Amino acid sequence: MLEYRTQGYNGYSVKYSPFFDSRIAVAASANFGLVGNGRIYILGLTPNGIVAEKWFDTQDSLFDTTWSESHENQLLTAGGDGSVKLFDISLSDYPVQSWQEHAREVFSVHWNLVGKDTFLSSSWDGTIKIWNPNANASLTTLPTHSCTYSAEFSPHSPSILSSVSSDSHMRVFDLRTPASASNHLTMSIPIHTPPKARMGAAAPVGIPPSEALTHDWNKYRDTILATAGVDRMVRVWDIRNPSGGPIAVLPGHEYAIRRLTWSPHLSDTLLSASYDMTCRVWTDGSAMGVPPANPQNMMDASNMSLGEGREMGRMGRHTEFVTGVDWCLFGAEGWCASTGWDERVLVWDARAIMQ
Amino acid sequence: MANQTGRNSQAQERLSQVTGHLSGKKGRQGLLEKHADDVVVTCALRTPFTKGGKGGFKDTAAADLLHGAFKTLIERSGIDPKLVEDIAVGAVLAPGGGATEFRAAALAAGFPVTTSCKSLNRQCSSGLQACVDIANAIKSGMIEIGIGAGAESMSQQYGPQAVTEFSELLESHKEAANCKVPMGVLSEKMAKSKGIARADQDKFAAESFQKAIEAQKKGLFDEEIAPLKVKWTDPKTDEEKEITVSKDDGVREGITAESLAKIRPAFSKDGSIHAGNASQISDGAAAVLLMKRSTAERLGQKIIGKFVQASIVGVPPLLMGVGPAAAIPVVLGKTGLDKDDVDIYEINEAFASQCLYCINELGLDKAKINPKGGAIAFGHPLGVTGARQVSTLLTELKRTGKSVGVTSMCIGTG
Numbered sequence: 001m002l003e004y005r006t007q008g009y010n011g012y013s014v015k016y017s018p019f020f021d022s023r024i025a026v027a028a029s030a031n032f033g034l035v036g037n038g039r040i041y042i043l044g045l046t047p048n049g050i051v052a053e054k055w056f057d058t059q060d061s062l063f064d065t066t067w068s069e070s071h072e073n074q075l076l077t078a079g080g081d082g083s084v085k086l087f088d089i090s091l092s093d094y095p096v097q098s099w100q101e102h103a104r105e106v107f108s109v110h111w112n113l114v115g116k117d118t119f120l121s122s123s124w125d126g127t128i129k130i131w132n133p134n135a136n137a138s139l140t141t142l143p144t145h146s147c148t149y150s151a152e153f154s155p156h157s158p159s160i161l162s163s164v165s166s167d168s169h170m171r172v173f174d175l176r177t178p179a180s181a182s183n184h185l186t187m188s189i190p191i192h193t194p195p196k197a198r199m200g201a202a203a204p205v206g207i208p209p210s211e212a213l214t215h216d217w218n219k220y221r222d223t224i225l226a227t228a229g230v231d232r233m234v235r236v237w238d239i240r241n242p243s244g245g246p247i248a249v250l251p252g253h254e255y256a257i258r259r260l261t262w263s264p265h266l267s268d269t270l271l272s273a274s275y276d277m278t279c280r281v282w283t284d285g286s287a288m289g290v291p292p293a294n295p296q297n298m299m300d301a302s303n304m305s306l307g308e309g310r311e312m313g314r315m316g317r318h319t320e321f322v323t324g325v326d327w328c329l330f331g332a333e334g335w336c337a338s339t340g341w342d343e344r345v346l347v348w349d350a351r352a353i354m355q
Numbered sequence: 001m002a003n004q005t006g007r008n009s010q011a012q013e014r015l016s017q018v019t020g021h022l023s024g025k026k027g028r029q030g031l032l033e034k035h036a037d038d039v040v041v042t043c044a045l046r047t048p049f050t051k052g053g054k055g056g057f058k059d060t061a062a063a064d065l066l067h068g069a070f071k072t073l074i075e076r077s078g079i080d081p082k083l084v085e086d087i088a089v090g091a092v093l094a095p096g097g098g099a100t101e102f103r104a105a106a107l108a109a110g111f112p113v114t115t116s117c118k119s120l121n122r123q124c125s126s127g128l129q130a131c132v133d134i135a136n137a138i139k140s141g142m143i144e145i146g147i148g149a150g151a152e153s154m155s156q157q158y159g160p161q162a163v164t165e166f167s168e169l170l171e172s173h174k175e176a177a178n179c180k181v182p183m184g185v186l187s188e189k190m191a192k193s194k195g196i197a198r199a200d201q202d203k204f205a206a207e208s209f210q211k212a213i214e215a216q217k218k219g220l221f222d223e224e225i226a227p228l229k230v231k232w233t234d235p236k237t238d239e240e241k242e243i244t245v246s247k248d249d250g251v252r253e254g255i256t257a258e259s260l261a262k263i264r265p266a267f268s269k270d271g272s273i274h275a276g277n278a279s280q281i282s283d284g285a286a287a288v289l290l291m292k293r294s295t296a297e298r299l300g301q302k303i304i305g306k307f308v309q310a311s312i313v314g315v316p317p318l319l320m321g322v323g324p325a326a327a328i329p330v331v332l333g334k335t336g337l338d339k340d341d342v343d344i345y346e347i348n349e350a351f352a353s354q355c356l357y358c359i360n361e362l363g364l365d366k367a368k369i370n371p372k373g374g375a376i377a378f379g380h381p382l383g384v385t386g387a388r389q390v391s392t393l394l395t396e397l398k399r400t401g402k403s404v405g406v407t408s409m410c411i412g413t414g
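Heads up: the protein sequence lines correspond to chains A and B, in order. Residues in the first sequence are numbered from 1 upward in steps of one, following full-length UniProt numbering. Residues in the second sequence are numbered from 1 upward in steps of one, following full-length UniProt numbering.
Hints were generated in silico from the structure; no laboratory data involved. Only a predicted model underlies this, so the values are computations on that prediction, with no experimental measurement involved. Be careful, since some hints might not be right.
To be verified - DSSO-like, lysine-lysine: derived pairs with alpha carbons at most 27 Å apart: (1) B:K339 <-> B:K34; (2) B:K302 <-> B:K82; (3) A:K196 <-> B:K217; (4) B:K368 <-> B:K306; (5) B:K218 <-> B:K366; (6) A:K196 <-> B:K339.
Stated by the list, open to error - Quick look at which bits of chain A chain B covers, simulated, 3 or more residues with Cβ under 8 Å: (7) 32 to 44; (8) 207 to 218.
For every residue, glycine included, the Cβ atom is placed at its ideal position computed from N, Cα and C.
The task is simple: from the sequences and hints, build the whole structure.
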């Protein structure tokens, strides 16, 4: 396990470069992101450990970052002051572009993986904005009317994007639809929808709504998304059947889940980061040859688990809230990086903790 | 007060957001978790409730009843009176809200001058509001230990003087003028318009009596009742004697739906409401000791319950009885509970008609409602019942080993 200390800055998000297997960006904030400066670190993985190749300081906290899909040296930051900034790591000190449209803290930024000329941002002001790096103003604003913690383009289509927000809903937008009164909204799924009743088990009822903090599109199955948040459950959804409830529910985290990401290599494998100071690896049970859930999981007190999914391992080396985690796109299929409020970035191999 | 216009408020909002992520575990499981900053109840008790005008407390002032409740509270909980910072007393009929005499009662009961005392009036739910006020004051950090209480002598203070004449301005506003319609009359109308038959009301009332008498016989009230020694004038001989009241004297044996069916309606000839299926006029007092869990643990106080959440919803004055049906879903929503997550509901029986309506409207399981009877059986001293319901609820939850309770009441004027 490699380690880097973001001295004085508490991590909020970590992302592997899509171009280099040895480059990681970390968005971090002073004073736990409550008040004060932000800093974006560009870290290099070298034979001598992790070294900071560069960093940029910002006036306000940074909550998320994403690499440009079209330019190897550029990346975006999500700022507490409502700004979205584009930095070029071959330059110094200042961003190449800064967009100030959001009225409140920006919580996520994400580059379009298919049509590489757009990116999005989502904010506490209840909107998602679509941008082109060459335009001075946003292209489209999609309202969610609710603090939107996470928004993402589908990795399978340039015009489909999704979000989760504090109103406990997952929304799917399709930019090809006419911008009518629904503002491209094609689907709005209550995340607290109980799973369908199964043979031999009563359907759970009355699951209370709770803030959804993170979600991710499966990289192989184009209708599958996973969501998670304050109620500590990871849920897997198939948007072909939006009213059918989750197809898998994975309980286990002891506090809210802050970040969720599907493996770029394995279609059934998820990684989560939580306020309970752990990162956990999960299978949603969809892959062939996965051993059935162990009896302990079946005995889960709340009996909330659904499907054959299970926790495959956990990494408990962080000593504070874990806020960011990401998979390496290259090389062996288990490398990942995590960051958290303990001012540390850890780079580790998930295969070492999987059972 | 603090200026909240600058960056401080932004930091505050970000902090409360993260706090929300951590404490966001809603629902029954989250509610049953124990945290150091929970507001908890360590003692809840009441005097017996006695019949207005003829019961054991007919010659005792409300403040004296309160004094008795306070003394027993100090004795039973073993709390050092010096540590109690504030007392809120719900009272409806006392002139001037009773603020003066309740403060005096607190001092006489052994609280030092540093323990402040206020009275408040939210009609029938004043006692409940007193407990909520104290819980909120503790939650916000204004005080650390407080008492929510209620005191009412309907024998001495019930009458037309309780409401002043309405001005022309109020009379000319339709909904405002409705506030003056006597509760019996409007409940009668409501029962009629909502189609609640007399037979159902009588059945409900008889059950309240039967549950109460059974509970009384088994001694289920003994734990929450503080017996009181008072002066009492025998109406036959005019002789003043000292008696000890330790039982609710409004609870009558042998009441059945059939026996209630014979009583003449009180408010209109073809009406359905009568003395037997409405709450009794009573005297009594109740007190609930509240503090933070961490404080209770430090002082070695025995924790008997946790205050979770309160809600209040206004309803039209003419339909004031539907209050619980409006407020209970709100509090369940706030706590993320399903109605079936709740083990016991204490819903005040102002009238069998309105209580029945709320139960049906919410689709509650009747077995969970007022398991030891309610105000129809042992009386409704207006400002006290809310605090009484807290003690009755917690005692019953403890006895039956259950965990989640809801207490609710309707409020005159909606």
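Check your understanding: Taking only the CA atoms, is the gap from K196 of chain A to K217 of chain B under or equal to 27 Å?
Key -> 48 Å, violated
**Study point:** Within 8 Å of chain B's CB atoms, at least three CB atoms from the segment 32 to 44 of chain A: coverage verdict
**Key:** Holds, because 4 residues of the segment 32 to 44 of chain A bring their Cβ atoms closer than 8 Å to Cβ atoms of chain B.
**Study point:** Proposed proximity, K306 of chain B with K368 of chain B (alpha carbon, max 27 Å)
**Key:** 19 Å, holds
Exercise for review: Could you grab the alpha-carbon distance between K196 of chain A and K339 of chain B and see if it respects the 27 Å cut-off?
Suggested key: 21 Å, holds
**Study point:** 8 Å C-beta test of the segment 207 to 218 of chain A against chain B, three or more residues
**Key:** holds (count 6)
Check your understanding: Does K366 of chain B lie within 27 Å of K218 of chain B when you go C-alpha to C-alpha?
Key -> Distance ~21 Å between K218 of chain B and K366 of chain B Cα, so the pair holds.
Review point. Taken at face value, is the distance from the CA of K82 of chain B to the CA of K302 of chain B at most 27 Å?
Key: 18 Å, holds
Check your understanding: Is K339 of chain B close enough to K34 of chain B, meaning Cα to Cα at most 27 Å?
Key -> 22 Å, holds
Hint compliance for this structure: hint 3 alone is broken.
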